[in-house]
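**Q** The chain contents come next:
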Amino acid sequence: MQRKKLVIIGNGMVGHNFIETLVQTEAAGKFEIITFCEEPRLAYDRVHLTAYFETRNPDDLALTTGEFYRQHGVTVHVGDKAVEIDRGRKVVRSQKGIEVPYDILVLATGSFPFVPPIPGHDKENCFVYRTIEDLEAITRAAAESRIGAVVGGGLLGLEAAKALKDLGLETHVVEFAPRLMAVQLDEDGGAMLQRKIEDLGVGVHTNKNTQNIADGKFQRLKMEFADGETLETDMIVFSAGIRPRDELARQAGLEIGPRGGIVIDDHCRTSDPDIFAIGECALWNGQIFGLVAPGYQMARVAVEVLNGQDARFTGADMSTKLKLMGVEVGTIGDSHGRTQGAQSYVYKNEHDEIYKRLIVSEDGKHLHGAVLVGDSGAYDTLLQYYLNGIELPQPPDSLILPSVEGAGAGLGPDALPDTATICSCHNVTKGQIVQLIDNGVVALSDIKAETKASTGCGGCAALLKSVVDNELEKRGLEVKKDICEHFPYSRQELYHLIRVEQIRTFDELLEKHGRGLGCDICKPAVGSILASYWNDYVLSDKYFKLQDTNDFRLANLQKDGTYSVVPRVPGGEITPGQLIAIGEVAKKYHLYTKITGGQRIDLFGARLEQLPHIWKDLIDAGFESGHAYAKAVRTVKSCVGSTWCRYGVQDSVGMAIHLEHRYKGIRAPHKIKLAVSGCTRECAEAQCKDIGVIATEKGWNLYLCGNGGMKPRHADLFATDLDDETLIKYIDRFMAFYIRTADRLQRTATWLENLEGGLDYLREVIIDDKLGICDELEQQIRHLVETYECEWKKTLENEEILKKRFRFFVNSDKSDDNVIFIEERGQIRPATEEEKKQFKGIPIDLEEAS
Amino acid sequence: MTETTASRTETWVDVCGVDDLEPDAGVCALVAGRQIAIFHIPGLKAVFALGNYDPFSHANVLSRGLTGDIGGEPVVASPVYKQHFSLRTGRCMEDEHLSVPTYPVRIHDGRVLIQIPEQGEDA
Ligand code: SRM
Ligand SMILES: Cc1cc2nc3c(=O)[nH]c(=O)nc-3n(C[C@H](O)[C@H](O)[C@H](O)COP(=O)(O)OP(=O)(O)OC[C@H]3O[C@@H](n4cnc5c(N)ncnc54)[C@H](O)[C@@H]3O)c2cc1C
Ligand code: SF4
Ligand code: FES
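Residue numbers (our numbering), protein chains in the order written: chain Z, 62 to 911; chain C, 9 to 131.
So here's chain Z without its partners, still in its complex pose:
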């Protein structure tokens, strides 16, 4: 049988999702699939478009690959736009002149940014914010600008403003309406948001009707407003809403809504039954949906219809939660309280700039909508009340009042009905998850793989986990703490097994207590336990195969496969001679150098085979390994302290150096960072370290379990006015206790939060020796201190290891030819994929450098 031709116009998020969904169904076999992609690249993640600025590598946003399309026999015309649909002959014609006949046509043309027809809107340095090309153009212009303005204070406008701010511009938002995010927020919510955004240094101008864009006097452009005021700026980004791209459908005579949009029925069919429309170009029930999840739902409906099922699109919820310039905002349902008889509860806290409003039904039992600004913590819970019509607790405002003991608690997963949508990107309900668990699929990863839940925007991950955990608990199944499939034990249990049975190798542990070959989770974890306990050389024959790539090569792997090198600089103190020595090594091997956040110097761009040569030079100049590659004690930061500083009360540099030498290289469940400040002004930021020490008139205050990083936590004050000896005793005990009891990759901050009894218990163990183990703990650290060796020094003494493990090819002396550097600001950096194609890079003289 001849296959029918299925043509999809538009390879955006929804067009791609349609194809991806279709090829997994039976109907795929019936169609030859052809798609037109106007943009110069295949579908990418437009939702996270702004993330482009993070790496400026379009590949990072890609949703698919040419390979995927080839594998499924899909023909894609990239960079070619469909320009005509001839419904009589049933063919589509493209800009490049290709004609493709169709049996079924799917329009997924998305929308375009609306630019108000203000005179001057088409001047140079005026942009929109929709595609990667737009962002590339904005980046280029921003490099030559000081001030940037965004027209439109909606969701996207604020996102664009954040981007301009991050590009280093003085940023202004110009909004026609009297408040920001007028569609979603009520007046008070908009005002609170405006205050918060102004606090961040962004100018907000509401009620501004731009009438003309003229040449500026001081900046490149001048915006003239109806009220006579003006604003000078170097560039303008328009973000004044979107309009469906219905031009092709119009030309083909399909039914179009009065304000644009291709009219579709519940099956996503247009007025021509052989033509479907999905995504932002489609108008359903008088509505356009400017979000990706409803588009994906339409794609699914269309696929099911093509599979002969009676699927229907039934509308979608437009509630949103987001973080705009670090400000949390959430809106649910009828946020303006327009529903008949609706009543509001409002919580407003001007001090912390928080505003929350609930809109509930007349009888107070159901939630119609909500607005959250400054704190959207209640969003997930409220959304479930709203979507599932769950009866509200009384009084309902307990849901938005600051949590007093017990109140405002989240809605437990048990309270959700089976119909509750857990993942709206992939339309997964609680019922489906419960059913999978009933069928024996109990691992979270398997549930994700089966349902795709939480693999879209990721917003539902926490909820999904709590539903799964709750169901498992209800069935009496333990929520597994096993480290991985090879050992039915937690890290702490493995630690005990190794200690009690005096196990020295991974193979022995695997044979006695595990199964299979092991994996990249249990191997490094066991390697780390063995190192914390025995402190043997990590690259010895029995251990090297457990090491993650960084520990394996004693350097940090970079994105292009080269390494970075960090020599230890104890306490951050460094002599001019040492600085020069590092500089010379960097010059000799053409390395990129940078001061790290840990008060030392990182040398990047070292090839595997250069590492021993680099380290030989560094060690000759008196340096030691900095263990930047290991889950181990990293750095001890210091401030200059009483030696120079007029406020210092103790010698913080001296103490930092002492601590760093004592604990250097000790391997632990995760990295451990320390800092010492010379007085309460705290210039070393000791309170965000695992171990923080702050000088007092009488000695030292010890702070424990702080964390910077992803989830910052201030350290807790553990003990005050300690003398040197007691300080070190407590740190010894603390460190050994943490090493023994923490989970794999658990920093001290999360460890303490999970420690039953918390800080008080920790004090009982470490200060009062409640468990009677302090001698043992101190002895363990003493052993580690006494057996310390610089790993690089030891490695350089071992010809065999150097020959085997620091050579790129086993059978050749060549180097990796995919490592290419480009010069930027006078130093090297890895070439991007694009550049690799274009340039050959700076030739590196390997003879000289190695």
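Quick caveat, the hints were computed from the structure, so don't treat them as lab data.
No experiment lies behind these values; they were computed from the predicted model shown.
Ideal Cβ positions, reconstructed from N, Cα and C, are used throughout, including at glycine.
You may find that some hints are simply not true.
Under the rule of at most 20 Å between Cα atoms (straight-line distance), these lysine to aspartate or glutamate pairs were calculated in the EDC-like manner [as the list claims (entries may be wrong)]:
| hint | chain 1 | residue 1 | chain 2 | residue 2 |
| --- | --- | --- | --- | --- |
| 1 | Z | Lys426 | Z | Glu452 |
| 2 | Z | Lys509 | C | Asp103 |
| 3 | Z | Lys65 | Z | Glu365 |
| 4 | Z | Lys865 | C | Asp28 |
| 5 | Z | Lys526 | Z | Glu511 |
| 6 | C | Lys90 | Z | Asp121 |
| 7 | Z | Lys865 | C | Glu30 |
| 8 | Z | Lys226 | Z | Glu389 |
| 9 | Z | Lys509 | C | Glu102 |
| 10 | Z | Lys865 | C | Asp27 |
| 11 | Z | Lys865 | C | Asp22 |
| 12 | Z | Lys151 | Z | Asp335 |
| 13 | C | Lys53 | Z | Asp568 |
| 14 | Z | Lys790 | Z | Asp777 |
| 15 | Z | Lys509 | Z | Asp543 |
| 16 | Z | Lys772 | Z | Asp436 |
| 17 | Z | Lys509 | C | Glu104 |
| 18 | Z | Lys855 | Z | Asp681 |
Residues from chain Z shown here face chain C by an in silico Cβ test under 10 Å; the list is partial [as the list claims (entries may be wrong)]:
| hint | residue |
| --- | --- |
| 19 | Asp581 |
| 20 | Asp602 |
| 21 | Asp609 |
| 22 | Thr623 |
| 23 | Pro891 |
| 24 | Lys897 |
A short list of chain C residues far from chain Z (calculated; beta carbon distances all over 12 Å) [said to hold, decoys possible]:
| hint | residue |
| --- | --- |
| 25 | Thr19 |
| 26 | Trp20 |
| 27 | Thr97 |
| 28 | Thr110 |
| 29 | Gly118 |
| 30 | Gln123 |
For this one, chain Z is given, so just place chain C with the ligands on it according to the hints.
**A** Here is chain C with the ligands on its own, set in the frame of chain Z:
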């Protein structure tokens, strides 16, 4: 050194000695301009060969990944972003649409031999 056997396309290239391999870890060989990651897994009494190029990081790193198994399937984890590739099929365990090439390996007289497809033969 090249060994040619009966069939025309079966060209086995002598790459290195068995002693040059690292038990439960990888090494990288350069064969006819290709980077090939070779893994020796003593527990399975097997040697595997995959392309060294990691499609996720776009870097030549797979030989430097940790080996192990997932549900019994022998795998290597990319050292950059940690996706797992089957040592037998080259298939990525996290994304079934992606895979890296695999190459037949043979041990003969203490030497490791690899079969490389003729230019342009592999997709
Ligand atoms: C080089 C450096 C950035 C810089 O150029 O300044 C850096 C680089 C990396 N950091 Fe960092 N961090 C660096 C200071 C920090 C700091 C600041 C500090 O130490 O005062 C922090 C916050 C403080 C903290 O840890 O609490 C920091 C928090 C992180 C985190 C988040 C940890 C957390 O608990 O949330 C990670 C991710 C992880 O470890 O899992 C991370 C991971 C990394 C990795 C290892 C990412 C990776 O896997 O490649 C980077 C290694 C690059 C390399 O090759 O060296 N880095 N990183 C800094 C090295 C300091 C040093 O001399 O050793
Ligand atoms: C900066 C930004 C942030 C966003 N944030 C969010 C968010 O947080 N959450 C959310 O849900 N949504 C968000 N969105 C909206 C989301 O990106 C869209 O809802 C989604 O991309 C719609 O998918 P689509 O396929 O309908 O349209 P698009 O992704 O725009 O794809 C349409 C494609 O069709 C092509 N095309 C059009 N006409 C033709 C033709 N004649 N021939 C060939 N090709 C054609 C276009 O070039 C385009 O590539 C955001 C959008 C932007 C711009
Ligand atoms: S150095 Fe740290 S913060 Fe910077 S990109 Fe790497 S991991 Fe992220
Ligand atoms: S809601 Fe987006 S991934 Fe689940």
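**Q** Does the claim that C/Thr19 lies off the interface hold, with its Cβ farther than 12 Å from every Cβ of chain Z?
**A** Per Cβ check, C/Thr19 is outside 12 Å of chain Z; nearest 16 Å; holds.
**Q** Between Z/Lys865 and C/Asp22, is the straight-line Cα distance small enough, at 20 Å or below?
**A** holds, 18 Å
**Q** Check whether the Cα positions of Z/Lys865 and C/Asp28 lie no farther apart than 20 Å.
**A** holds, 7 Å
**Q** For the pair supplied as a hint, Z/Lys151 and Z/Asp335, confirm whether the alpha-carbon distance does not exceed 20 Å.
**A** Holds, at roughly 9 Å.
**Q** Does the alpha-carbon distance linking Z/Lys509 and C/Glu104 stay inside the 20 Å limit?
**A** Status holds; Cα separation ~15 Å.
**Q** Minimum Cβ distance from Z/Asp609 to chain C below 10 Å?
**A** At about 7 Å, which falls below the 10 Å cut-off, the nearest Cβ of chain C leaves the hint on Z/Asp609 intact, so it holds.
**Q** Per the stated criterion, does the least C-beta distance between C/Thr110 and chain Z lie above 12 Å, as a non-interface residue requires?
**A** Non-interface label on C/Thr110 holds, nearest chain Z Cβ at 16 Å vs cutoff 12 Å.
**Q** For the hint on Z/Thr623, just tell me whether its beta-carbon gets within less than 10 Å of chain C.
**A** Nearest chain C Cβ about 9 Å off; hint holds.
**Q** Interface hint check: Z/Pro891, Cβ to nearest Cβ on chain C, cutoff 10 Å. Holds or violated?
**A** holds, 9 Å
**Q** Are the Cα atoms of Z/Lys426 and Z/Glu452 separated by 20 Å or less?
**A** Answer holds: Z/Lys426 to Z/Glu452 is near 5 Å, not above 20 Å.
**Q** For Z/Lys509 and C/Glu102, compute the direct alpha-carbon distance and say whether it is at most 20 Å.
**A** holds, 11 Å
**Q** Examine each Cβ of chain Z, and state whether all of them lie more than 12 Å from the Cβ of C/Thr97.
**A** Holds, since 14 Å exceeds 12 Å.
The structure meets every hint from the earlier list without exception.
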